[in-house]
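S.K.: For reference, the chains in residue letters:
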Amino acid sequence: MDIAIKVENVSKTFRIPHEKVSSLRGAAVNLFRSGGYEEFKALDDVSFEIKKGEFFGIIGRNGSGKSTLLKILAGIYQPDNGNVQIDGLISPFLELGIGFNPELSGRDNVYLNATVLGMTKKQINEKFDSIVAFSELERFIDQKLNRYSSGMSVRLAFSVAVHANREILLMDEVLAVGDMNFQKKCYEYFNEIKGKKTIIFVSHDMESMKKFCDRALLLQNGKIVKIAETKMIVDKYIQENMAIDKK
Amino acid sequence: MLAKTDFKLRYHGSVLGYLWALLKPLLTFAILNFVFSSVFNPRGTGMDTYSLQLLVSLMMFYFFAEGTSAGMSSLLLKSQLVTKIYVPRWTIILSSTINATLIFLMNLVVIVFFFAIKGFMPHLPAILMFFVFSIFIYIIILSFSLITAPLYVKFRDLSMIWEVLLMIIMYASPIIYPLVTIPAKYHQIILLNPLAFIIHFTKESLINNHFATPIQYLIFSGIVLAGLALGIFSYRKFIPKIAEEI
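If you read the protein sequences in the order shown, they are chains A and B.
Using our numbering, the first residue of the first sequence is number 1, and each one after it goes up by one.
Using our numbering, the first residue of the second sequence is number 1001, and each one after it goes up by one.
Note that these hints are calculated values from the structure, not bench results.
Any given hint might turn out to be false.
Incomplete in silico selection of chain A near chain B, CB under 10 Å [to be verified]:
1) Leu94
2) Glu95
3) Ile193
4) Gly195
For each residue, glycine too, the CB sits at the ideal point set by N, CA and C.
All chains should be modelled from the sequences, with the hints used to inform the complete structure.
M.R.: Here it is as structure tokens:
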């Protein structure tokens, strides 16, 4: 089987300055003071491979480096060392509804969002009906987005995202909003594309993790604890959390 | 590439916004025109074409001012697009300058209208020159935005500084006064400023059908292209880390 994503020895360190300088005036003042900063290692020598068509989970506590890892995969951050090889079109979004504008109608937002996701106008025209049908928002599509509930706009965003035809999808806690029916719909969609697309799935919902992911990765303080079959990883994660709780 | 056309969708929401953008330079023109052709009427401006010259140069200056201000703040205003998704960052910068370009194109209609009222017909080479100069202004806007958009993320007071600088640039360019009112020995220095060069020779060519010498054009395009190279260089240097700094 082909490799979709290959991550080799990736590290990422953030500098957290004690005092954030955000103006020229501040910078001029700070010239004469040494601005101290702390280093925070968000990712430390991370390597793994994901095969094509794999449903890959990433598990870890808050601040363990999951989002940083996804941002590096999406190309938003540049790693300090190591390199990332990606074979296939990667979906560039981490959160749903990025680029949505509340002042525009649902229809315009679909076009806007789909363009951000790299679709051409022609492709959007072709898929528009099915995007709207998937989101179940036919009645509201010409209303302004600021009249939508948060669940509704997430539904629309998810619908656009799944129609964008990317080979690799990054999903960071996408199912947190949305009612049960819509979640069910998403699960059906996951089942449908499983094996066809490569999916990297980040969630704190261990049940859906176990249900969908073939393999998973456990991150702790920026380091990989283990990569293995999902069930093992989930169990290990729960165990460790309980151990920490006891302390 | 496509992102740029659809970002402007956002601005279509407010029709009034466009109207204001059109009215601002026009009102400035009305005021300046009144003050300088009726109240002060200094030497060299008494001529018939002063208002046309003022109009053309003001529109060009506003193109520059709006374009650079929008370009500078583009990355910060669209910070969501920078930190949450990967789109090539230059498309964000590019799309922000398109709005100013559209307004400039609409202002062209106003310019044509005023020329028609005055019954003044510029020569064809001068009109062509005008469009070449407009493209050069766009290149300057783009170079400036490539440099300042990443910097603005770090230094948020840059916009205030730029507002003041814009005012200085406005008065340092022969917009409200013709270049001849300045002692001749300073002309070369003033014309080193690409914007002053553009505005001066647009007026000269449109009204008097008088063009710059080839060497002057050469120096001028050299400066502009050097600026563009600097813009691209600086963009490449600062952009990889931009997501962390916003």
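S.K.: Give a verdict on every hint.
M.R.: Status of the hints after comparison with the structure:
1. With a least beta-carbon distance of about 6 Å to chain B, the hint placing Leu94(A) at the interface is held under the 10 Å criterion.
2. Annotation: interface hint on Glu95(A) holds; nearest CB of chain B at approximately 5 Å, less than 10 Å.
3. The restraint placing Ile193(A) at the interface with chain B is violated, with a minimum CB-CB distance near 21 Å, outside the 10 Å limit.
4. The criterion of a C-beta within 10 Å of any C-beta in chain B is not met by Gly195(A), whose closest approach is roughly 26 Å, and the hint is violated.
Hints 3 and 4, counting from the list given before, are not met by this structure.
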